[in-house]
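Undergrad: Residues per chain, in single letters:
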Amino acid sequence: MFTRKIKELIIERALLLSALITILTTLGIIWVLLSESFAFFKVVSLWDFLTDPEWTPLFTQKHYGILSLVCGTILTTGIAILVAVPSGLTIAVYLNEYSTKRMRNIVKPLLEILAAIPSIVYGFFALIVITPVLQYFFPSVSGFNALSAGIVMGIMIIPFISSLSEDVLNAVPNSLREASYGMGATKFQTSFKVLVPAASSGIIASIILAISRAIGETMIVAIAAGQQPNLTLNPTVPIETITAYIVQVSLGDVPQGSIAYKTIFAAGLTLFVFTFILNNISFWVNKKFKQQYV
Amino acid sequence: MFKSSRNRIIDKSFQVIGLATTIFGLLILATFIFYIFYVGATRIDWAFMTNLPSRFYAKAGILTAWTGTIWIFVLTAFSAIPIGISTGIYLEEYAKKTRLANILEINISNLAGVPSIIYGLLGLEIFGRFLGLGRSVLAGSFTLALLILPIIIVATKESLRAVPQSLKDAAYGLGATKWQTIWTQVLPVSFSGIMTGIVLALSRVVGETAPLIVIGALAYVPFVAKTPMDDFTVLPMQIFNWISRPQHGFIVNAAAAIIILLIIVIILNGFAVFIRNRASRKNNW
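Going down the list, the sequences are from chains A and B.
First residue of the first sequence: 1, per this note's numbering; consecutive thereafter.
First residue of the second sequence: 295, per this note's numbering; consecutive thereafter.
Honestly, I wouldn't trust all of these hints.
[Stated by the list, open to error] Taking CB as the label site, the calculated pair distances span:
#, chain 1, residue 1, chain 2, residue 2, range
1, A, Arg4, B, Val518, 46 to 52 Å
2, B, Asp339, A, Leu82, 39 to 45 Å
3, A, Leu67, B, Arg302, 47 to 53 Å
4, A, Pro255, B, Lys390, 35 to 41 Å
[Unchecked claim] Pairs of lysine-lysine, PhoX-like flavour, derived with a Cα cap of 25 Å:
#, chain 1, residue 1, chain 2, residue 2
5, B, Lys472, B, Lys391
6, A, Lys290, B, Lys390
7, A, Lys193, A, Lys288
8, B, Lys353, A, Lys7
9, B, Lys390, A, Lys5
10, B, Lys391, A, Lys288
11, A, Lys290, B, Lys391
12, B, Lys462, A, Lys7
13, A, Lys193, A, Lys290
14, A, Lys7, B, Lys472
15, A, Lys287, B, Lys520
16, B, Lys462, B, Lys390
17, B, Lys462, A, Lys108
18, B, Lys391, A, Lys287
19, A, Lys193, B, Lys297
20, A, Lys101, B, Lys306
21, B, Lys462, A, Lys5
22, A, Lys7, B, Lys391
23, A, Lys5, B, Lys472
24, B, Lys391, A, Lys5
25, B, Lys390, A, Lys288
26, B, Lys306, A, Lys193
Please keep in mind that the hints were generated in silico from the structure rather than gathered at the bench.
This structure is a prediction, so every number in the text was calculated from the model and none was measured.
Ideal Cβ placement from N, Cα and C applies to all residues, glycine included.
Modelling step: build the complete structure from the supplied sequences, incorporating the hints.
TA: What follows is the structure in structure tokens.
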């Protein structure tokens, strides 16, 4: 009996130990980002980092303004969201309210394949297929541009929005639907005036998660958007995102401990802060504004 | 009357738009896959699978890439699965409402949202520099293991939660300890749910590129990794390297390698769907 208790206790402690690895991971991420960034900010002032319009750590004339990388990130993310939100939401409403149940059960998993395809494959499409197509219609588009990367990224995150939104639309109680139809409303009116508002917290949470995902997306922008930090909102010229910059430095021969090496941690910290805030807004919206139906 | 007929027109047109958007999404998927096969399928042959990388596209193969992918797949699975399942069990069965459990939960959902490239920075410093693993297979596997831990933990928790209390009560009634109940009753019935999560997580490992670039994995490795301490490359790294080259021959190579990568990913995802469907037919509580 006594050994049995000891055994149980040992098992519980061992399980706890593995759970603590997740805490260590978080602490590790924060420590790595902060310690290397701290060394970076000893050389570069925070003011320059936040206000200098140029980012050229790998040139002789060095500038360390994160703004142009942030701008590139916002640009590609914005285009992706412009593609993904309208189409994802339309698909969600259509599958939930208009299509047959059978069609939904087939189409939903098929669309989810879009999110399972590795992003390197999307990068290939953006560079080899979408960019030439864009150039055919608009000859002024350069070989690397934010537009094609953003469009392809938008396609990739469609299932995030369509599937998650369909789930929350589906969770709206049927009594609301029936009441709306009973008043003589069409499916369109029921969907957009009753169901979407009722499910809005879940839909908004899914959109924010998709934005966070787009900000952290790396390979598509590293392949198709270019490597030229550019403080512009012009989607047809080469730009560089935070993630693409980290890839660029990692591929090159930057000596460990140099200031250029430290820049990737300062860039990483910026990225981490952005996604951390967005993820937590998403949790918060979902929790705080969730409609409770009994 | 006028207004209601207008409403009906809006309704009908949305039905058309909705259907068109859905079909468009599926069409894009089909076009992607068709185009890749169109460009790359004829390039795949025995030599392509067994050749080392080369600066001549006609001679280049993916031997180092796919063997590297297998190395990473296996070592990541071995490091992530035990920790992921244990954590899931701890959170669901042992620490349900404690403050520590609450902190762990919040922490895990935050980790799930951290971009993969940040895990690369973590791996570079902790595994690469601090533990001295450099850019070895082991450093890559540990990095990706941390990346997929949240997926495995959440899948484990959800499948454990679906196990009915009556099953546990029956085991306790026979005098089983908590762990005996978990080990002999709860885990076997939640096995398929946990497996589904693990397979989906591993399918992500196969396609992951960014964190491996950051820890310093090379695109050009002229030999097959023999020990976990060797340098390595993986399929997505090889594809990335080929995409960035100007000659069309390398683009064809990239498409061919993408086909291999997609086949692996689709098999893994299909396997996950298969396990899930079989389980949902079997357990009806």
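Undergrad: Take the hints in turn and mark each one as holding or not.
TA: Right, here's what the structure says about each hint:
1. A:Arg4 <-> B:Val518: 46 to 52 Å: holds, 49 Å
2. B:Asp339 <-> A:Leu82: 39 to 45 Å: With Cβ atoms ~42 Å apart, the hint holds.
3. A:Leu67 <-> B:Arg302: 47 to 53 Å: At 51 Å between Cβs, range holds.
4. A:Pro255 <-> B:Lys390: 35 to 41 Å: violated, 49 Å
5. B:Lys472 <-> B:Lys391: holds, 17 Å
6. A:Lys290 <-> B:Lys390: Given that 25 Å is the threshold and the Cα spacing comes to 23 Å, the pair holds.
7. A:Lys193 <-> A:Lys288: Given pair lysine 193 of chain A, lysine 288 of chain A holds - Cα atoms ~21 Å apart, limit 25 Å.
8. B:Lys353 <-> A:Lys7: It is violated: about 59 Å lies between the C-alpha atoms, which goes past 25 Å.
9. B:Lys390 <-> A:Lys5: This hinted pair holds, its Cα atoms lying about 20 Å apart.
10. B:Lys391 <-> A:Lys288: Satisfied, since the Cα-Cα distance of roughly 20 Å is no more than 25 Å.
11. A:Lys290 <-> B:Lys391: holds, 22 Å
12. B:Lys462 <-> A:Lys7: holds, 19 Å
13. A:Lys193 <-> A:Lys290: Holds, at roughly 17 Å.
14. A:Lys7 <-> B:Lys472: It holds: about 11 Å lies between the C-alpha atoms, which stays within 25 Å.
15. A:Lys287 <-> B:Lys520: violated, 49 Å
16. B:Lys462 <-> B:Lys390: holds, 16 Å
17. B:Lys462 <-> A:Lys108: Outside the cut-off at roughly 35 Å; violated.
18. B:Lys391 <-> A:Lys287: holds, 18 Å
19. A:Lys193 <-> B:Lys297: holds, 16 Å
20. A:Lys101 <-> B:Lys306: The given pair, whose Cα atoms are some 19 Å apart, holds under the 25 Å limit.
21. B:Lys462 <-> A:Lys5: holds, 19 Å
22. A:Lys7 <-> B:Lys391: holds, 23 Å
23. A:Lys5 <-> B:Lys472: Satisfied, since the Cα-Cα distance of roughly 10 Å is no more than 25 Å.
24. B:Lys391 <-> A:Lys5: holds, 22 Å
25. B:Lys390 <-> A:Lys288: holds, 22 Å
26. B:Lys306 <-> A:Lys193: OK: lysine 306 of chain B and lysine 193 of chain A at ~16 Å, within 25 Å.
In terms of the numbered hints stated before, the structure departs from hints 4, 8, 15 and 17, listed from lowest to highest.
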